[in-house]
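Enquirer: The chain contents come next:
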Amino acid sequence: MTIADDAQRKDDAQQKIEVYLGRLRGQLRGANDAEVREIVDELRSHIVDKVAASGENDAEITAARVDAALAALGSPEELASQYMTDTLLARAEASRSPVQVLRSLFRWGSLSVAGFFVLLGSILGYFFGVVFILVALLKPFHPHTAGVWVLPNGAGDSEISFRLGFANVPLDGKDVLGWWIVPVGWMAGFGLVMLTTHVALWFVRQYRRSLALP
Amino acid sequence: MKEREQPAQETGDKWEVQLRKGCLELAILAALWDGRRYGLEILRRLESDSDLIVSEGTVYPLLTRLKALGLVRSEWVESDAGHPRKYYALTAAGKRRAVEMAAIWARFSSSMSKLLAPLVKENR
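Residue numbers (the working numbering), protein chains in the order written: chain W, 1 to 214; chain X, 215 to 338.
Take the hints with a grain of salt, since some may be wrong.
Straight-line Cα separation of at most 30 Å, BS3-like style, residue types lysine-lysine; simulated pairs [unchecked claim]:
{"no.": "1", "chain 1": "W", "residue 1": "Lys50", "chain 2": "X", "residue 2": "Lys328"}
{"no.": "2", "chain 1": "W", "residue 1": "Lys50", "chain 2": "X", "residue 2": "Lys235"}
{"no.": "3", "chain 1": "X", "residue 1": "Lys335", "chain 2": "X", "residue 2": "Lys228"}
{"no.": "4", "chain 1": "X", "residue 1": "Lys335", "chain 2": "X", "residue 2": "Lys281"}
{"no.": "5", "chain 1": "W", "residue 1": "Lys16", "chain 2": "X", "residue 2": "Lys300"}
{"no.": "6", "chain 1": "X", "residue 1": "Lys235", "chain 2": "X", "residue 2": "Lys328"}
{"no.": "7", "chain 1": "W", "residue 1": "Lys50", "chain 2": "X", "residue 2": "Lys309"}
{"no.": "8", "chain 1": "X", "residue 1": "Lys300", "chain 2": "W", "residue 2": "Lys10"}
{"no.": "9", "chain 1": "X", "residue 1": "Lys300", "chain 2": "W", "residue 2": "Lys50"}
{"no.": "10", "chain 1": "X", "residue 1": "Lys228", "chain 2": "W", "residue 2": "Lys50"}
Since the hints were derived computationally from the structure, they do not count as laboratory data.
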């Protein structure tokens, strides 16, 4: 075997490692650059050590040894999702802030279908929570138009409308809560935000548990 | 008949997986008890000193999580192998947590062992 062949084989093996790490990097989108670099560097160091240790008496990097080391690590997708949920959940739990929970869910939602639905539900929950709070907040400024209104629609049915009070209300509408919207809005709003955070974290925890150790 | 046994087998496997997974955090903290180690060293320690057969890919995200929780800290150290390695060490909080978890584990496992003694004899 010539030196050139040897160098070529070594390059191929290196290439495999970089392809794997590139796929991992792609799956870690959303994490900040420093975090991603740290993760990738650590795994590269692991793979190189593992490959070197698998040789009988030489530290040569061969494609077969690299394949074995990569297989033992699992697929980049699987690995990334463990990083995302493990790290993100720890962070979300530590802060318990809706912003952190939503950021975590956006990443989870991009990784799995289940995550996507939890994200969708949470957006809905937070949205209505914020609407309640906004209506309660604006009622004192728009006493005659802000509130929860029941408005008859053309088809003979009626619909519920959360109104911030910037627009006029149709004459046949009815402000169902009146000034009660202030305490009710605050309570329902914060209640919904807290409930959504709770439920979302519960789902993330269940998902983490379902990530079985192979 | 075989088909009917399948779900029970699966539940059993799943239970074992959960059990291992639940212990892994404590096992990692324990592997760091007598000094700093890098990822692969922790893995080898877990393999040799316990029969926790762990997928290699599982340990690294967990280490990152333990770091986010402030139970371990990490540093990059140059090695003879020509590339740096990321070493982990317990923080003060990590030591406290490890001791707490070990105490809980000891209580739990001794009461379980007592309860399970007749079943274990059966199996012999």
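Enquirer: All the hints need checking, so say for each whether the structure fits it.
Expert: Status of each hint after checking the structure:
Note on lysine 50 of chain W and lysine 328 of chain X: the hinted pairing is violated, with a Cα-Cα distance of about 41 Å set against a maximum of 30 Å. With a CA separation close to 23 Å, the supplied pair lysine 50 of chain W and lysine 235 of chain X stays within the 30 Å bound. At most 30 Å may separate the alpha-carbon atoms for a hinted pair to count; lysine 335 of chain X and lysine 228 of chain X meet this at roughly 24 Å. Note on lysine 335 of chain X and lysine 281 of chain X: the hinted pairing is violated, with a Cα-Cα distance of about 42 Å set against a maximum of 30 Å.
Between lysine 16 of chain W and lysine 300 of chain X the alpha-carbon distance is near 22 Å, which keeps this suggested pair within the 30 Å criterion. For the hint linking lysine 235 of chain X to lysine 328 of chain X, the alpha-carbon distance of about 23 Å falls within 30 Å, and the restraint holds. For the hint linking lysine 50 of chain W to lysine 309 of chain X, the alpha-carbon distance of about 29 Å falls within 30 Å, and the restraint holds. The straight-line distance between the Cα atoms of lysine 300 of chain X and lysine 10 of chain W is roughly 24 Å, inside the 30 Å bound, and the hint therefore holds.
Simply put, lysine 300 of chain X and lysine 50 of chain W have alpha-carbon atoms about 14 Å apart, close enough for the 30 Å limit, and the pair holds. Between the alpha carbons of lysine 228 of chain X and lysine 50 of chain W the distance comes to roughly 29 Å, so the proposed pair stays at or under 30 Å and holds.
The structure fails hints 1 and 4 (numbered hints given earlier, in ascending order).
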